[in-house]
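Peer 1: Let the hints inform the model, and build the full structure from the sequences given.
What follows is each chain in one-letter form.
Number of protein chains: 2
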Amino acid sequence: MPELRKDPIVNRWVIIATERAKRPTDFVAPDNGQDSPKGCPFCPGNESKTPPEIYAVRTDSTRPDTEGWTVRVVPNKFPALRIEGDMEKFGVGIYDRMNGIGAHEVIIETTDHFEKIEMQRVDALVNVFATYKVRLADLKQDERFRYILIFKNEGATAGATLAHPHSQLIATPVTPKRIREELVGAQAYFEYKDRCIFCDIIREELRQKDRIVYENNSFVSFCPFASRFPFEIWTMPKRHHPDYDSIGRDELFAFADAMKVTLAKLTTALGGTHYNYILHTGPVRWRRRGYWATLEHDFHWHVEIIPRVTNTAGFEWGTGFYINPTVPEEAARFLQETQV
Amino acid sequence: MPELRKDPIVNRWVIIATERAKRPTDFVAPDNGQDSPKGCPFCPGNESKTPPEIYAVRTDSTRPDTEGWTVRVVPNKFPALRIEGDMEKFGVGIYDRMNGIGAHEVIIETTDHFEKIEMQRVDALVNVFATYKVRLADLKQDERFRYILIFKNEGATAGATLAHPHSQLIATPVTPKRIREELVGAQAYFEYKDRCIFCDIIREELRQKDRIVYENNSFVSFCPFASRFPFEIWTMPKRHHPDYDSIGRDELFAFADAMKVTLAKLTTALGGTHYNYILHTGPVRWRRRGYWATLEHDFHWHVEIIPRVTNTAGFEWGTGFYINPTVPEEAARFLQETQV
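Keeping their order, the protein sequence lines are chains A and B. For the first sequence, my numbering assigns the number 3 to the initial residue and increments by one for each residue that follows. For the second sequence, my numbering assigns the number 3 to the initial residue and increments by one for each residue that follows.
Just so you know, these hints were derived from the structure itself, not from any lab. A portion of the hints provided could be inaccurate.
Copies of the same chain look alike in the list, so a pair counts if it works inside one copy or between any two.
[Claimed, not checked] Think about it this way: if two alpha-carbon atoms lie no more than 20 Å apart in a straight line, the pair counts; the simulated EDC-like pairs of lysine to aspartate or glutamate are:
hint : residue 1 : residue 2
1    : K135      : E253
2    : K211      : D98
3    : K142      : E55
4    : K8        : E183
5    : K262      : E206
6    : K8        : D202
7    : K135      : E90
8    : K51       : E69
Peer 2: Dropping the structure here:
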């Protein structure tokens, strides 16, 4: 059973995943992500190589765990957290821990081993992003979870261990530290200004214009003013809502279009970079009492895209103080000019 | 002039270092750190290849910027922050920025290109760590700075661009986010318990014993309870003091011994791993009014050592929520058993 442990100084929860690699000799270099479809557990025909599927978009009345799907959700074979069991919170001396209860799922985005997300047609991508919504809405029913995190690691240096295009979902019994800071910061701003900080940022970006990467009717992608990383991009819905799962059918198309163009520009500009993106959505609804009371107004879901073009050094890791060698306005101009 | 920009949501300052790499084509893979002494700007005889030295430990009456030193401090040739100029804080629309004023120095730890820090004799290492103290005390006089960060990147994957053993110092006009969180967390604990949380942690670690890596009379190295990374180690002085520059002569020897043994165990156990270490010391003294009033009691200087054995994935980067595949007690046992 994995374990959640809390740092007593800064109140940061860490997952101690005992069932993953352990000993020093286990830390082999990750492969380069160029594994082949042969034997790939995410390729059609290999459905039996994954745990039984949780959900799938299927084109006809094919049976679960057989071919016929276009998007498929399965439990992670090596989960960081376990779905079965009780929280069992208790102290160890001065420290706090709880059982590593949670969900860890893999969203297989396509049947094609080589079709990266930005290569997909918009209508196919809509199915991927609709699947995010379905899984989010489902897991929100589980009262043990406080946050559901959806993210994608693209490429080995971004942490992907399998090349077949996929996203991941982790449902956690604690709110991740950075998300919590965002919630707290947004709430403080709302209390001060009576406006959503994200709405204000969108307005400011559309006014200043020099950090915009792409815009359509419902979404805007831009390099944030205080980008931590070169070519960091945030994609935000223009309509205010805290929860991703509020997304409607038309918005899904616009979101798919924005993500496709933004990621295509990024990978074209940087020559096929590895990257991560993380969906920042509101915390689970049952938590909305007291502290999160104003959440409807102050939080605003969005995606943060982090290309892996620089090695983060000790300075950044140990301090949370980033050095970004690329001016965000220059990154945005370059991405704007990149034809896709 | 580099620029400091503040993220308006989580109040995180980022250095936008305009004079470093800029365009996508500039992001070449870092070299493997195996550069040779020939042409190395940190090797003796090549003193003219660095900016003029700020400080050096010299064995006899040799002149600055010539041979005869054992530890040498020079400005970083490609500084993330600039020492000359005014802060010039102002807003840009809804955003906040200031000039990138600060110091960025390199501490060359040895004349020997291949002598890694843990290979040095304890009495030689004392000179390195005494140099940290000298530079810290000197830069604290500059009223523009709020924090002085000393850190080391060992190996290319840890961010080192030159192989010759060196540490770095960055003095900043803002307190780095993670350090600030630590100060705030420690203060909250002190207010609640009337005890230093770090002193309590040391006591608890010496009582539980199962995460100790090394201990001498004045220092203890251990894998923290909620380690973010496999084989993460914190080295702490047993004597309570917020500031590293309070370290005395005897303590310097004990510190050099603790760091030498701890790093030797780490690199031996993991077969020459790349790592970062960061000195966490109290903020600059002139700031101690109001908010930092109780700092003398609540903060406790220490070193955090972060080996680079896993690739941090998008999940961790975007959320501050870490997955550590190695149980800290197992890491500590392994390091304890490693003979050096």
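Peer 1: Honestly, which of those hints from before does the structure not fit?
Peer 2: 5, 7
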